[in-house]
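Required output: the full structure, derived from the provided sequences and hints.
If you want the building blocks of each chain, they are given just below.
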Amino acid sequence: MSRKVLLIEDEPNIAEAIRFLLTREGWQVETHAEGADALQVIRVASPDLLILDVMLPGKSGMEILRDLRELEDMQGLPVLMLTARGQTRDREMAENAGVSRFMTKPFSNSEMLTAVRDLHAQATQS
Amino acid sequence: MRDTLTGSRIRERRQIAGLRQAELARQVGISASYLNLIEHNRRRIGGKLLVDIASALTVEPSVLTRGIEATLISALREAAADSVGQKAELDGLEEFAGRFPGWAGVLAQMHRRVVSLERTVETLSDRLTHDPHLAASMHEVLSTAAAIRSTAAILADTQEIEPQWRDRFHKNLHQDAERLADSSKSLVTYLDNSDSDGDHRGVPQEDVEAFFDANNHHFNDIEHGGAAADVDLSELDSAAAKSLTQDFLAIYAADARAMPLKDVQAALAEAPLDPLQLASRFSVDVATVLRRLATLPDGYLGRPTGLVVCDASGSILFSKSVPGFAMPRFGEACPLWPLFQALNRPLVPIRQRVAQLGRAAAVFDCYAYAWPQPGSKFDQAPVYRSVMLVRSVEDVAQDAQAVARVGPSCRVCPHDNCSSRREPSILSEGF
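Protein sequence lines correspond, in order, to chains H and E. Per the UniProt record's numbering, residue 1 is the first one in the first sequence, and the count goes up by one each step. Per the UniProt record's numbering, residue 1 is the first one in the second sequence, and the count goes up by one each step.
Mixed in with the good hints there might be a few duds.
Claimed, not checked - Over 12 Å on every C-beta distance to chain E, these chain H residues come out as not near it, computed from the model:
1) Val44
2) Gly76
3) Arg117
Stated by the list, open to error - With the C-beta cut set under 10 Å, the calculated list includes, among others, these residues of chain H facing chain E:
4) Asn13
5) Thr88
6) Asn109
7) Ser110
8) Met112
If you are wondering where the hints come from, they were derived from the structure by calculation, not from laboratory data. The C-beta atom is built at its ideal place from N, Cα and C for all residues, glycine as well.
Right under this line is the structure:
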């Protein structure tokens with residue numbers, strides 16, 4: 001059974017590159033570019049892993065993550081957060097909201113792939 | 001050549017001596033307003049009056065006319081006050097400056113340079129964190145860089161890539177390279193402009209502050225009964241800045257009507273500054289008094305005076321700077337400021353003497369007061385604003401009081417053991 005990743009990112013060219021890389025790794029990749037309805041999209045997609053941008057139209061990734069973690073069945077979903085803001089304060093805010101891994105743009109492809117592999121491995125072990 | 005700065009030196013020496021303008025005027029037998037004109041170099045001075053003022057200030061008349069030494073000594077005093085872990089021999093300051101004027105000049109110059117650099121660090125740090133235009137520009141640059149890095153690495157590292165994917169990535173790369181060039185150019189233009197002409201576009205509060213600064217926070221037309229709406233705002237570019245300025249001018253006009261200038265001047269001549277007494281005398285609230293005091297012309301209060309107003313979220317809405325007391329441009333100031341304590345105790349006037357850590361260990365008397373905004377319906381929860389008057393203290397030793405230590409904002413505060421710290425400082429201790 002294939003693993004599914006949901007990528008919520010409003011930069012189409014970043015989304016395309018990530019989709020290409022993860023597809024080659026055997027992931028089924030769904031993409032979405034809006035923040036406002038993201039929670040509903042996550043519910044419907046029911047992914048094994050979520051990659052979430054912070055600056056999204058409609059609703060920030062940070063808010064989406066907070067709302068997500070309040071849902072009982074979404075507390076274990078691995079979430080990799082991508083952001084151009086890498087300050088300590090943003091990192092702490094993401095950790096408090098329940099992020100699994102925080103990655104600052106611009107990131108390397110290998111860094112992103114390693115994070116996805118690690119998060120998936122941890123989730124399947126637990 | 002006529003010396004045009006004798007008045008400034010008298011003012012400087014008077015402040016060093018810890019004398020109020022009215023006291024010095026009384027000692028030499030002239031009015032405080034005439035001394036004020038002299039100190040602002042609007043009246044020439046010489047002869048007996050110069051000798052009398054010099055005598056009252058216990059300096060030689062030549063110090064006031066030459067001035068170099070006084071300026072230098074003042075700068076050296078500031079350097080000594082700012083030093084951390086090194087105590088200067090203040091008793092021998094004049095002797096040092098007299099014997100080694102060159103070295104003293106170098107020291108004063110270095111201190112000015114340090115102050116200037118620290119101010120730049122604070123401004124850039126503040127702007128980088130909170131300037132919405134800069135934050136958006138940086139986000140655009142970093143996001144585009146992320147797309148380029150990822151796409152370029154795919155093209156470079158993938159051995160076999162389908163032609164349709166390769167073509168698509170080439171197209172994306174081209175688009176992103178164009179976008180990066182545009183956003184970088186825009187960012188550089190923004191930084192260049194904001195550094196060169198003080199124009200910080202996109203942040204209306206800064207335009208408002210610059211407008212009030214350019215007018216010394218005093219509007220003669222309004223003082224003489226003119227309407228706030230008639231003030232010329234043509235130099236403001238954005239509609240947001242004009243609207244905000246209009247709002248603050250309307251508050252200014254209401255305060256000026258409630259506390260006419262000549263009546264305030266009379267009250268200040270009769271008694272030392274006491275905002276509560278003034279509130280009672282003019283039948284206004286304390287917030288009106290504090291705002292009004294900050295709009296008085298130079299010389300009325302005898303000491304440099306600043307003002308800061310925030311809303312219930314702690315966001316700074318308006319500020320008038322005062323030398324030595326750093327005010328973050330976009331909010332997120334030190335939570336220990338009396339301004340914020342007042343928000344916790346609405347309608348209770350707060351007075352506190354504070355020393356702001358960081359650039360200079362200058363001491364200020366702060367008067368703060370939080371008052372509710374007018375509601376439009378019954379049973380509406382009050383929303384408070386807070387105002388703080390910041391008045392420099394000239395001679396702390398003569399008027400010993402408990403002094404609370406506060407910072408400018410956490411990012412540029414060197415206090416390493418503060419339970420109210422919000423985030424680590426970018427300054428090393430003793431910067």
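Structure-based check of each hint:
Look at Val44(H): its CB is around 27 Å from the nearest CB on chain E, clear of 12 Å, so calling it non-interface holds up. Listed as outside the interface, Gly76(H) is consistent with that label: its C-beta sits roughly 28 Å from the nearest C-beta of chain E, beyond the 12 Å cut-off. With 12 Å as the threshold on Cβ separation, the claim that Arg117(H) sits away from chain E holds: the shortest Cβ distance comes to roughly 17 Å. The beta carbon of Asn13(H) is positioned within 10 Å of a beta carbon in chain E (closest approach about 4 Å), and the interface hint is therefore held.
Because the beta carbon of Thr88(H) sits about 7 Å from the nearest beta carbon in chain E, less than 10 Å, this interface hint is met. Among the interface hints, the one on Asn109(H) holds; its C-beta lies about 5 Å from the nearest C-beta in chain E, closer than the 10 Å criterion. For the restraint placing Ser110(H) at the interface with chain E, the shortest Cβ-Cβ distance is roughly 8 Å, inside the 10 Å limit, so the hint holds. Nearest Cβ of chain E to the Cβ of Met112(H): about 8 Å, under the 10 Å cut. The hint holds.
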